[in-house]
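2 protein chains.
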Amino acid sequence: MVSILERILAGDKLALARAISMVENEEPGAKDIMKKVHTMSGKSHIVGITGAPGVGKSTLVNGLIKAFRSEGKRVGVIAVDPTSPFSGGAILGDRLRMQSHALDPGVFIRSLATRGYLGGLSKAAGQVIKLLDVYGSEVILVETVGTGQSEVDIMRYAHTVVVVVAPGLGDEIQAIKAGILEIGHVFVVNKADRDGADKTIQELQFMLDMSREEKAWKPPIIKAVASRGDGLNEVARNVKEHLKVLQVTGRLTDHMKRAAEFEVRELLIDSLVDNVISRAKAAGEWERIIHRVAGRDLDPYAAACRLSRFLRSS
Amino acid sequence: MVSILERILAGDKLALARAISMVENEEPGAKDIMKKVHTMSGKSHIVGITGAPGVGKSTLVNGLIKAFRSEGKRVGVIAVDPTSPFSGGAILGDRLRMQSHALDPGVFIRSLATRGYLGGLSKAAGQVIKLLDVYGSEVILVETVGTGQSEVDIMRYAHTVVVVVAPGLGDEIQAIKAGILEIGHVFVVNKADRDGADKTIQELQFMLDMSREEKAWKPPIIKAVASRGDGLNEVARNVKEHLKVLQVTGRLTDHMKRAAEFEVRELLIDSLVDNVISRAKAAGEWERIIHRVAGRDLDPYAAACRLSRFLRSS
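Read top to bottom, the protein sequences are chains A and B.
Straight run, no breaks: the first sequence in my numbering ends on number 315.
Straight run, no breaks: the second sequence in my numbering ends on number 315.
Any given hint could be a false lead.
Pairs involving identical chains hold if they fit within one copy or between any two copies, as the list cannot separate such chains.
[As the list claims (entries may be wrong)] The list that follows gives simulated cross-link-like pairs (lysine to aspartate or glutamate, DMTMM-like), each with its CA atoms no further than 25 Å apart: (1) 44 <-> 288; (2) 37 <-> 194; (3) 245 <-> 183; (4) 282 <-> 255; (5) 219 <-> 13; (6) 282 <-> 267; (7) 282 <-> 271; (8) 14 <-> 25; (9) 245 <-> 298; (10) 67 <-> 255; (11) 74 <-> 288; (12) 32 <-> 275; (13) 258 <-> 139.
Simulated from the structure, these hints should not be mistaken for laboratory data.
Using the sequences and the accompanying hints, generate a full structural model.
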């Protein structure tokens, strides 16, 4: 019998979808697949696409899929944005446009719900990225809404982060941008046919000039009207250019190191903390201790200390 | 010499601010303070205020401060929303309005940055809530932008969650609401003088009717124009009413139990995982293992297993 991993390596979409479900639900067997997948992965260019709701991220993603496909590149898409049409968040028209890619064997699209993962959203995203990687996706586009810790965690996986903004979304939305400025490598002012596009570019340029120190890569600001396809090739070109700079400067190696650190720490949480809790529960001690902490009879530090006794002696 | 905790209990704002900084920076001594603070805390009503950028959360918070102050209640405010004027995100006018409370000894306002905490944002928020609690804040308002895992984590501390929406923010922003529907106890349609307010209420009512099962508390939908003060007393009244229902039904006890579970787990991560990593680093083994994982020579599960050896034998 052919294993699910062999089928994924042979380009079987159904097998890939099945493996992703296994990972999402933490099914038995997922871990063994992911152990092997890890050692075979590391070939894809992982590109994060982030920005506030309403800036047109999904339309941009759609356009980038086309741009990369026209060069013959295989593309994977992960939508972790609750407002993305890829995730089922939105509008029928967008939805239908996406579905045109469903027939293309070189494109694989998967949405991840924003909550409810057993092992955490960013962990699930990291594993889906690796599965798409060994499946042969040369570019993996990861779309997130860009606020909140788990989205920032997911952007850690990306080699290149594309930050999308749009003119005229109001001061409060502009304020969000300040937080994601520091993680962006390519900035896109989408809907650039709207009033205020030049002002948005100027503000962005000003903020970038203020905050940037690194020299090897100067983040470009690109005007686009993704709904008409304008500017998309330039975005794609800059995304590829950024990868080259990462490779030449050795930063790609640093990136892989940071990703490994993050992932190993997450697994230590699984194997140590969640294991202690399971054992304490089995002994009836978890309930008792939590009851005392909730009742203010025991402080949580003392509780954690007592629970440490339940560590598996290995 | 009077301890910092005694000064906080005596209502010293400077001591409170100092203790919060100690917690934020994980200074030595913070833990001993927090151990004592935990056993004295548990008296405040913790109220989360969440919603997308632009719905007017801060104006609502401002109005709620006034409403609770007019009843003589002491109020604490924690802003973890990057777009909040409390957090320094935004507009000068809002900023000045907030500052009027700075002179009121019954109001304490603190913003938490959305990243960069040593121990994690939600942990810091949980500790600041307890400090405000023992300081004597009868109501603690916690404002977040409502997307992302760390914000959802913070909302776990809240007894009552107020979800704020506004008419006419576009379909994509509306889609976010679906995700926070299930955590809301009181819904506010702010800017209700705008076109589309009734439609927003209808949609919200429809979604609530679809998703709700619990009977003890039927979430109200309240029209407000926070900038004019309209509807704020009704919001405050419903918030207090919700607390009463929690007390009567025993859900307040369940809530404290869940908060304790979350907190103890976070501390176990500190004491087990971060301890293992420190020890492995000291032995030079962390670097070596991460290098192999990054180079695809070792899988992260095997790495976590090897690192477990560095557990402190207690």
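Against the structure, the hints come out as follows:
no.	hint	result
1	44 <-> 288	between (46 Å within a copy, 22 Å between copies)
2	37 <-> 194	neither (48 Å within a copy, 58 Å between copies)
3	245 <-> 183	within (20 Å within a copy, 45 Å between copies)
4	282 <-> 255	between (40 Å within a copy, 17 Å between copies)
5	219 <-> 13	neither (39 Å within a copy, 48 Å between copies)
6	282 <-> 267	both (21 Å within a copy, 17 Å between copies)
7	282 <-> 271	both (15 Å within a copy, 20 Å between copies)
8	14 <-> 25	within (16 Å within a copy, 47 Å between copies)
9	245 <-> 298	between (58 Å within a copy, 24 Å between copies)
10	67 <-> 255	neither (30 Å within a copy, 51 Å between copies)
11	74 <-> 288	neither (53 Å within a copy, 35 Å between copies)
12	32 <-> 275	both (16 Å within a copy, 23 Å between copies)
13	258 <-> 139	within (20 Å within a copy, 47 Å between copies)
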